[in-house]
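These protein sequence lines are chains A and B, in that order. Counting from 1, one number per residue, gives the positions in the first sequence under our numbering. Counting from 1, one number per residue, gives the positions in the second sequence under our numbering.
Just so you know, these hints were derived from the structure itself, not from any lab. In this text the structure is predicted, and so the values were computed from the model without any measurement. Relax, there's no trap hidden among the hints.
Per the computed footprint, the stretches of chain B lying under chain A, defined by three or more beta-carbons under 8 Å from a beta-carbon of chain A, are: (1) 114-122; (2) 147-156; (3) 198-206; (4) 231-243.
Just so it is clear, CB atoms sit at the ideal spot from N, CA and C, and this is done for glycine as well.
Protein chains: 2
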Amino acid sequence: MNFQRDTACALRQFHPRLPVNVILFEPAEVDRPLSRSDPRAQHLCEVLRRQPGDTFDAGLIDGPRGKGTVRTIGAEALELSFVWGGPPPPGEPLTLVLGLPRPQTARKILQEATTLGVQALHFVRTERSEPQYAQSSLWSTGEWRRHVLAGVAQAFATRMPEVTWDRDLATVLDAARVDASTALPRCGIALDNYEATVRLGACDVPPAAPIWLALGPERGWGPTDRDRLRRCGFTLAHLGERVLRAETAVVASLAILRSRAGWI
Amino acid sequence: MNFQRDTACALRQFHPRLPVNVILFEPAEVDRPLSRSDPRAQHLCEVLRRQPGDTFDAGLIDGPRGKGTVRTIGAEALELSFVWGGPPPPGEPLTLVLGLPRPQTARKILQEATTLGVQALHFVRTERSEPQYAQSSLWSTGEWRRHVLAGVAQAFATRMPEVTWDRDLATVLDAARVDASTALPRCGIALDNYEATVRLGACDVPPAAPIWLALGPERGWGPTDRDRLRRCGFTLAHLGERVLRAETAVVASLAILRSRAGWI
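Let the hints inform the model, and build the full structure from the sequences given.
See below:
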């Protein structure tokens with residue numbers, strides 16, 4: 001994968017209107033001049049209006065945040081230098097499992113869920129998911145990574161979540177009944193408009209337990225999906241009677257779970 | 001205000017890609033044929049593919065939900081009939097106060113906050129809000145109402161929230177220290193990245209109290225805003241260290257407060 005190009009694309013996506021709260025770099029990039037045609041260079045010069053000697057917020061992808069300094073602004077490239085802080089804080093153990101949505105919805109969820117700090121984001125095949133959505137160029141071209149990077153930069157963070165889109169619900173659920181990072185059994189909650197037994201805000205969230213939140217595809221969970229979720233210890237929960245778009249439901253339910261876990 | 005035209009515009013906005021969970025009508029419209037050029041007629045015929053005799057989910061704005069039936073499909077108009085249910089359930093006492101955002105952000109918040117069931121949405125002038133945003137055609141042409149209607153239809157609801165955009169923070173806060181509908185003192189919470197004393201998820205939300213959530217404009221609250229919020233009994237709360245876009249923060253914080261109030 002061409003990390004440089006992907007990062008550049010990610011930044012182009014929200015240039016110049018959306019806030020770039022931290023400018024992200026791959027480790028291999030920081031000792032090289034930054035081409036004037038790179039969207040990050042354009043952002044530094046045209047939006048932030050940085051001059052030689054000025055600083056800006058920078059981040060190393062999956063590494064520390066720090067301060068960048070514009071050393072020189074040449075016709076072809078910018079020379080930058082960096083001072084990095086300590087390693088990034090560990091992320092919270094929060095995994096999102098989603099019945100594969102249409103690409104337009106997946107783009108929003110990739111960015112929003114990343115901004116809200118998921119550690120892993122698994123788009124899965126389910127009984128009623130649409131197989132053709134997995135063929136989208138969003139996945140095959142690596143475009144998905146731009147949306148994740150945009151979410152990381154928005155959050156003023158550097159950590160990238162793990163993202164998968166080629167597995168089925170069973171494989172993803174079975175892979176990690178006990179969270180590898182914490183060795184605690186997971187707290188699994190699946191949103192379900194039809195067979196929920198509790199409202200999401202009343203679900204038991206044990207302290208420090210890794211949280212797994214699962215949402216069905218557009219057409220909802222099928223009976224086999226529900227059996228599997230229940231066998232894996234998931235509680236079926238609802239978000240009330242108001243019908244939400246998938247991306248709104250993702251933000252709302254991640255926020256509620258983060259609040260119940262004591263993180264926000 | 002031309003309600004018919006506004007409703008039609010609202011429906012055009014999400015035709016045909018976004019889900020129209022309930023087709024909304026003004027009371028004055030339900031005894032008249034529906035023009036074939038009305039986006040709701042197009043949605044019924046082309047997206048839902050309804051034939052004479054078929055039914056669909058309908059709602060009267062600020063009134064009951066019910067079932068519509070397509071009686072005839074003519075060259076110029078559809079004849080419809082309706083059976084209405086009981087009055088809509090009372091909304092939850094949830095008010096959102098927002099430092100006036102740029103119109104592009106306001107559009108998203110109008111729809112999202114409505115979907116999440118706010119009863120009132122006040123866009124206010126604050127110390128650091130941008131006065132020119134109030135001059136946008138979003139407000140002067142009534143376009144704002146389309147986004148609210150889209151949120152109502154998305155939520156499968158009929159109630160429209162109150163929306164204002166021409167007052168300052170002080171006026172809105174002073175107008176309703178005790179909620180008119182419940183006669184209870186309000187529970188006021190303002191998001192603040194700088195002087196928050198508690199995380200939002202740990203704020204005290206007394207049962208049945210009307211909830212007022214306030215978010216500052218892009219450049220945040222000023223010292224006078226904060227004094228005023230504190231004098232009006234607002235708690236300053238935060239949503240953690242990750243930086244969220246305004247519309248994401250609105251959805252996340254409304255969801256957390258609805259969950260803490262026991263509604264979802």
